[in-house]
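Protein chains in written order, with our numbering: chain A, 1 to 552; chain B, 553 to 672.
Worth flagging that the hints you see were computed from the coordinates, not collected in a lab. As the structure is a prediction and not an experimental result, all values here were calculated from the model. There could be a bad hint or two in this list.
Beta-carbon label-pair distances, calculated as ranges [as the list claims (entries may be wrong)]: (1) A:487 to B:574: 46 to 52 Å; (2) A:301 to B:574: 51 to 57 Å; (3) A:408 to B:579: 50 to 56 Å; (4) B:577 to A:541: 55 to 61 Å; (5) A:298 to B:579: 44 to 50 Å; (6) B:585 to A:310: 25 to 31 Å; (7) B:585 to A:376: 33 to 39 Å; (8) A:444 to B:585: 49 to 55 Å; (9) B:585 to A:383: 39 to 45 Å; (10) B:585 to A:403: 44 to 50 Å; (11) B:585 to A:408: 50 to 56 Å; (12) A:443 to B:574: 42 to 48 Å.
The beta-carbon is built from N, C-alpha and C at its ideal position, and this holds for glycine as well.
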Amino acid sequence: MIKILFLSENINLIDKYKKIFTKNLYNYNAISDWKLAIDSIIADNPDIIFLDADNENIKDLNKKIKQVCENAIIIFVVNSKIDKELLKYANAFVTLDMSEDLITSTVNVNLRMKNALEMLSSSNKDLADSLYRLNALYSTSSQFAGTLDKDKLIKYMIEGIDKALSFSLTCTLSLCNEEPVLIINSLYDLSDELISAIKMRTILNFNSVFDGENAPFDIDNLKIIKYIKYPASRFTFTLFQYDNMLAKISLGDTNFGFIEIFKENPFTPEDATCFQTIAQQVALPLKSATLYQELIETNAKLEKLERLKSEFISIVSHELRTPLTSIKNSLDILGSGRCGEVTQSAEKFLSMAMRNVQRLSGIINDLLDLSKIEAGKMDFNFAAANINTVIGYVKSALSEVAKSKGINLITKEAPDMPETKFDAQRLEQVLTNLVSNAIKFTAENKTITISSKLVNASEIKINDIFQPEIKNLNGDYIQVCVEDEGIGIEEKDLLRAFDKFAQIENSLSRKAGGTGLGLPIAKQLLDAHKGAIWCDSELNKGSKFYFIIPLV
Amino acid sequence: MKKILIVDDEQDIVESLKFVLETADFACYCAYNGEDGLRLAKEIVPDLIILDVMMPKINGYKISRLLKYDAKYKNIPILMVTARSQDEDKLIGEETGADEYITKPFELDEVVKIVEKYLK
Chain A
1 MIKILFLSEN INLIDKYKKI FTKNLYNYNA ISDWKLAIDS IIADNPDIIF LDADNENIKD
61 LNKKIKQVCE NAIIIFVVNS KIDKELLKYA NAFVTLDMSE DLITSTVNVN LRMKNALEML
121 SSSNKDLADS LYRLNALYST SSQFAGTLDK DKLIKYMIEG IDKALSFSLT CTLSLCNEEP
181 VLIINSLYDL SDELISAIKM RTILNFNSVF DGENAPFDID NLKIIKYIKY PASRFTFTLF
241 QYDNMLAKIS LGDTNFGFIE IFKENPFTPE DATCFQTIAQ QVALPLKSAT LYQELIETNA
301 KLEKLERLKS EFISIVSHEL RTPLTSIKNS LDILGSGRCG EVTQSAEKFL SMAMRNVQRL
361 SGIINDLLDL SKIEAGKMDF NFAAANINTV IGYVKSALSE VAKSKGINLI TKEAPDMPET
421 KFDAQRLEQV LTNLVSNAIK FTAENKTITI SSKLVNASEI KINDIFQPEI KNLNGDYIQV
481 CVEDEGIGIE EKDLLRAFDK FAQIENSLSR KAGGTGLGLP IAKQLLDAHK GAIWCDSELN
541 KGSKFYFIIP LV
Chain B
553 MKKILIVDDE QDIVESLKFV LETADFACYC AYNGEDGLRL AKEIVPDLII LDVMMPKING
613 YKISRLLKYD AKYKNIPILM VTARSQDEDK LIGEETGADE YITKPFELDE VVKIVEKYLK
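Turn these sequences into a full structure, and let the hints guide you.
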């Protein structure tokens, strides 16, 4: 019901208006003593106040009324002529001679205006609230995007929710790290009993949020981190009567925890949407942060492994070489006859021991080479040279060995071979390995041929299984081929020949006294030259090993 | 008789080097760690030093540097023995002043040849 207060010392006037407004079902109240006016207004909070303008203190009174009741409509009752000075003080004016209808319609118009204004102000407030929340959401999202630190993400989420909803208390269970943590952000301090109750509540919440799953912690071992805004005051158990909301923080199968929020005033549906949005938004960056952390941990593990590998190689090269040197030296001294005459059978066993020392030393060198190349620590010395020179060196170095086995070692170098850039020492190592292998697997009276020629990548004919080795190559290359008439290699073993792990198990290479690492090393060395190595073989007929290096 | 100082923490290696060098008519002095090696080098002022790289207390590189920067000893040829370990590889680029390098395992006859090259 509309409350009307009529202020006048004029009893007749009071009565006249009383008749108008009681008839129209208004709550009409009149005061003739000005001194009581303010107290009455404070107590009643009327919608419309009529002021009899026939009072010399009307301006003062009007000011006081505005102070205690700013929303009331103030209507001055004046003589037919309005004092211009009064115009700015009132919402409306009625004159003494106005008809009853005119007075009621003036009141109604002003009431409608008042309602409209109130509605406008309220929607303005809603709009401002939404804008503020949107702002909080936006700035929180920006913060989420700026970090991969899980604890910081949780902190930003709580701050964002506080900014948007201004809570009394939030309890955030974070499962982001190995140990579950309950983060309590509270306006006021909490007693130990209240904390215990909150912990208990967290366990119950865990059950409901994660579908009956048991909490991976209990009241006694749940770690608490407390942030209290005003530590001088304390919450009581009435806290649990506050309005509250709960949101799960998870993405797919990954659960990061949940957040419960308490507020003295009830939450609106918009608050709930905002709260859930922020809790959902933090899950994705938390997932990224988790993956990032795993990546860092894996990297650290890999680095450690790499370090262990280097240390191992260091041990292999140093700790094995030193005792090997002592063995070799002793054998040398014994074999030289400096310690007395060496019998024929003693010499047989001495040379057996020597051979195996050489072999062991070769294995250590190969291992060291391979790991150096793999670690990218092998130094190459690329210089312009002619590959035929390398072929010449290898032939002169190995022709004695070949001859002693009754093998014919010949070379067919392409004439006018152009120079190109390569590491001569390394390619000599490759070619020596290929020819030594050929000698090992070739019988008496057979021939081994080393040849060189210029080829274009497009015209290289190659066994299908090695096709991937050359598929990215183009342009001109220098090709070297070592052809033997030995025992050959089965097709299924061809690819394995260049695989260090497979070859190390190969009994054939063991029987022939090799380390088995020669070909894998050759492959790595040619990779470093941006070249390729492959082979072609027929069982019991012979093998052809090819390598190419680019012509630059 | 020319004096040769052999410094290596591996006694067996020292033993075999001593044997072949004495057979080749050199007087051998031995030390089994860097500290003793450096002290002995200054005491006896040998005609040549065979020096292992990896040794406890003072490594071969350090000894070589200390001797080569001292006018009194800088003319003594130093034959450095390395096992090509990674730690040594890192040091190889550094200036040590050694005159020759040999890698373990080495040929005893080769060592004798090198020694003779410097002393005869």
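Hints, verified against the model:
Between residue 487 of chain A and residue 574 of chain B the C-beta distance comes to about 49 Å, which sits within the given range of 46 to 52 Å. The given range of 51 to 57 Å is respected by residue 301 of chain A and residue 574 of chain B, whose C-beta atoms sit roughly 53 Å from each other. Between residue 408 of chain A and residue 579 of chain B the beta carbons are some 51 Å apart, a value that agrees with the proposed interval 50 to 56 Å. A hinted range of 55 to 61 Å holds for the C-beta pair residue 577 of chain B and residue 541 of chain A, which are about 57 Å apart.
Checked against the hint of 44 to 50 Å, the C-beta distance between residue 298 of chain A and residue 579 of chain B comes to roughly 60 Å, which is inconsistent with it. The hint said 25 to 31 Å for the Cβ distance between residue 585 of chain B and residue 310 of chain A, and at roughly 26 Å that hint holds. Range check, residue 585 of chain B to residue 376 of chain A: Cβ separation about 35 Å, and the 33 to 39 Å hint holds. A hinted range of 49 to 55 Å for the beta carbons of residue 444 of chain A and residue 585 of chain B is consistent with their spacing of about 54 Å.
As the Cβ distance of residue 585 of chain B to residue 383 of chain A is approximately 42 Å, the hint placing it in 39 to 45 Å holds. Between residue 585 of chain B and residue 403 of chain A the C-beta distance comes to about 48 Å, which sits within the given range of 44 to 50 Å. At about 54 Å, the CB distance of residue 585 of chain B to residue 408 of chain A agrees with the hint of 50 to 56 Å. Between residue 443 of chain A and residue 574 of chain B the beta carbons are some 47 Å apart, a value that agrees with the proposed interval 42 to 48 Å.
Comparing the model with each earlier hint shows a violation of hint 5 alone; every other hint is respected.
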